[in-house]
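The primary structure of each chain is shown beneath.
Number of protein chains: 2
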Amino acid sequence: MDSNTKMAASEKRKREVADGNNETEGQEETLKNAVCNKAGGNDDAPSEFLLSGFETKAILRDSAREKNIFVHGKIDDQEAVVILEKTPIREDSLSELFKNSRLKLEMRNDIYSTFHLHPPPQLNEIKTTVVCPATEKHVKKYLLQETFLLEETGEDYRSITLPFIQSQSFSVQWVYNILEKKAEADRIIYEDPDPDVGFVLLPDFKWDQKQHDDLYLIAIVHRKDIKSLRDLTSEHIPLLCNIRRRGEDAILKRYGFPATKLRVYLHYQPSYYHLHVHFTSLSYDAPGCGVERAHLLSDVIQNLQNEPQYYHTRTLSFPLRADDGLLSKFKDAARL
Amino acid sequence: MDSNTKMAASEKRKREVADGNNETEGQEETLKNAVCNKAGGNDDAPSEFLLSGFETKAILRDSAREKNIFVHGKIDDQEAVVILEKTPIREDSLSELFKNSRLKLEMRNDIYSTFHLHPPPQLNEIKTTVVCPATEKHVKKYLLQETFLLEETGEDYRSITLPFIQSQSFSVQWVYNILEKKAEADRIIYEDPDPDVGFVLLPDFKWDQKQHDDLYLIAIVHRKDIKSLRDLTSEHIPLLCNIRRRGEDAILKRYGFPATKLRVYLHYQPSYYHLHVHFTSLSYDAPGCGVERAHLLSDVIQNLQNEPQYYHTRTLSFPLRADDGLLSKFKDAARL
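These protein sequences, in sequence, are chains A and B.
Under UniProt numbering, the first residue of the first sequence carries the number 1, and numbering increases by one thereafter.
Under UniProt numbering, the first residue of the second sequence carries the number 1, and numbering increases by one thereafter.
Hints were generated in silico from the structure; no laboratory data involved.
None of the values given here were measured: they were computed from a predicted structure.
The reader is advised that the hints may include incorrect statements.
As the list makes no split between identical chains, a pair holds if one copy fits it or if it spans any two.
As the list claims (entries may be wrong) - Calculated cross-link-like contacts (lysine-lysine; reagent style PhoX-like; alpha-carbon spacing at most 25 Å): (1) Lys99 with Lys74; (2) Lys210 with Lys253; (3) Lys331 with Lys57; (4) Lys224 with Lys181; (5) Lys261 with Lys99; (6) Lys261 with Lys331.
Modelling step: build the complete structure from the supplied sequences, incorporating the hints.
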């Protein structure tokens with residue numbers, strides 16, 4: 001499988017990186033053949049025992065708030081990263097949970113009691129992702145890094161960021177696979193096929209669609225000439241308005257979820273350089289919905305209506321991890 | 001207690017409510033004796049089956065991100081609130097988790113595989129808190145209000161929001177007490193006394209200053225004629241630049257915390273109508289740092305430099321809770 005598809009799959013896992021800063025990286029040619037049989041190459045292999053021999057090397061990051069952990073280790077002498085995350089507690093599981101779990105009293109104080117509740121396995125799943133074979137880049141990507149806020153002028157973008165993006169050869173072939181229905185076609189919930197203003201809308205890979213609490217969808221535009229916010233001008237207003245209106249309608253129709261409860265935004269920098277828009281539940285603190293990275297679609301449209309070249313000229317702030325190559329470029333240019 | 005003290009107290013507690021902490025409330029005398037036997041009063045009662053007869057009435061709130069749920073129901077005809085939360089995944093449990101869990105393959109794509117992992121009960125505890133008997137105050141405290149995103153035009157502000165603010169008599173006497181050193185004077189870490197461009201800087205009440213992880217300070221301006229972002233024009237650029245520069249310097253000096261790691265922003269709507277600026281750690285997902293409510297100070301300055309009346313004329317989005325009086329006003333005006 002080529003490197004672009006690997007990168008595509010890597011990008012889909014972005015939420016598993018707590019700071020939401022997911023950059024896809026290319027895979028070296030030699031790794032294409034280094035299939036970790038149990039995970040990747042052999043459909044008949046018994047995957048249910050995949051992790052029984054997992055050998056932990058290091059914890060890359062963990063979050064007590066989000067109940068997840070990212071582990072670097074080995075499966076059958078292959079480097080691997082395993083990501084474990086507890087699943088949300090669903091209302092429809094409560095009845096069975098209360099009936100069939102054991103409660104162990106921990107503390108009692110007047111009207112307050114705390115317990116350890118031990119549910120049966122089928123009611124208490126841990127979402128598990130295995131990356132195998134994992135490269136050094138995977139390990140680095142998941143390792144928790146310090147973050148810094150950069151201020152990028154229009155000129156910085158042209159002289160530092162754009163050359164950097166172009167030098168990295170961030171391929172978006174996996175995006176084209178979705179647009180051309182070569183991959184994930186069954187996940188698309190809406191499409192406007194218009195080549196100028198059209199897009200596909202699909203659930204973000206990390207939303208399991210089992211509850212609305214963490215509703216998360218992505219609209220990916222059909223046209224291939226817009227890398228990010230920086231490329232947007234007033235010429236794109238019809239496209240942006242179309243995404244907003246039809247995207248909100250589709251989500252209402254499919255999930256009964258009204259637009260007034262949505263947060264619709266772009267990222268800058270984006271995780272991949274093909275224009276896409278995030279639709280998340282307003283009550284969900286989605287990773288990357290912070291003001292330092294998100295830009296409300298309604299604001300973007302309004303800014304372009306008032307000033308056609310708004311995003312070409314203004315200074316934009318965004319966070320970068322300590323190990324990000326772009327941060328080094330800004331340091332070299334004495335812009336940080 | 002007047003409304004602004006309520007608001008101040010509400011501010012102080014907002015993070016705790018968002019975290020779902022169980023804060024004890026004053027209990028009416030009669031309730032002290034109304035013991036829910038199985039949970040509270042009888043040490044010999046078999047608590048392990050306490051919830052087997054639990055009757056769910058309503059879900060008060062739940063978080064897919066934090067993997068918790070707050071449930072209102074009944075235990076033996078007594079009102080109760082049950083709080084369930086998945087526990088963090090600990091490193092020391094990994095070895096046993098990998099050995100003794102069943103993995104069920106969900107999806108495989110090249111080097112990436114996702115699974116449902118079902119651990120044995122002893123490895124997968126749910127932290128459970130029972131409040132029984134629960135009062136109406138408990139139920140209301142834990143009840144999550146729906147939130148809606150409003151779009152307020154400049155005209156909406158003048159015809160709906162401003163009259164509403166003025167009708168509510170939101171007093172900011174407590175703010176003046178800080179500015180005049182009648183209260184919290186010992187918490188001020190920096191002050192510029194200039195009446196036009198000056199401000200005080202102090203830690204936000206919810207930051208205990210024990211770690212930088214959740215660093216949070218507030219700059220409150222001395223001048224009393226700016227309620228919010230809506231009142232700002234290019235006339236205020238010197239004030240805003242002064243807050244930014246001197247605020248960042250003061251934080252660097254006091255805490256060794258550099259500006260590149262700060263998120264500096266205003267809220268719209270603000271919690272109180274006297275201009276103030278938030279300084280939070282970039283790596284801390286502070287409540288209210290989402291794009292729907294936060295406005296980077298650097299962006300505000302830039303917008304005013306380009307367009308003096310920017311915040312008078314543009315449409316601003318912000319979230320409102322279902323029980324917010326302002327939401328009713330927008331509904332009455334058919335703006336929602």
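Comparing the hints with the structure gives:
In the homo-oligomer, the alpha carbons of Lys99 and Lys74 lie at most 25 Å apart only across protomers (14 Å), although the nearest pairing inside one protomer, at 39 Å, exceeds that limit. Taking identical chains as interchangeable, the C-alpha atoms of Lys210 and Lys253 lie at most 25 Å apart only when both belong to the same chain, with a minimum of 16 Å there against 48 Å between chains. In this homomeric assembly, Lys331 and Lys57 never come within 25 Å of each other (Cα to Cα): the closest approach is 29 Å inside a single copy and 57 Å across copies. For the identical chains of this complex, Lys224 and Lys181 are intra-copy neighbours only, at 15 Å inside a copy versus 59 Å across copies, given an alpha-carbon limit of 25 Å.
In this assembly of identical chains, the alpha carbons of Lys261 and Lys99 never lie at most 25 Å apart, being 34 Å within a copy and 42 Å across copies at closest. Taking the shortest alpha-carbon separations for Lys261 and Lys331, only the inter-copy value of 15 Å comes in at or below 25 Å, while the best intra-copy value is 40 Å.
Checked against the numbered hints given earlier, the structure breaks hints 3, 5 and satisfies all the rest.
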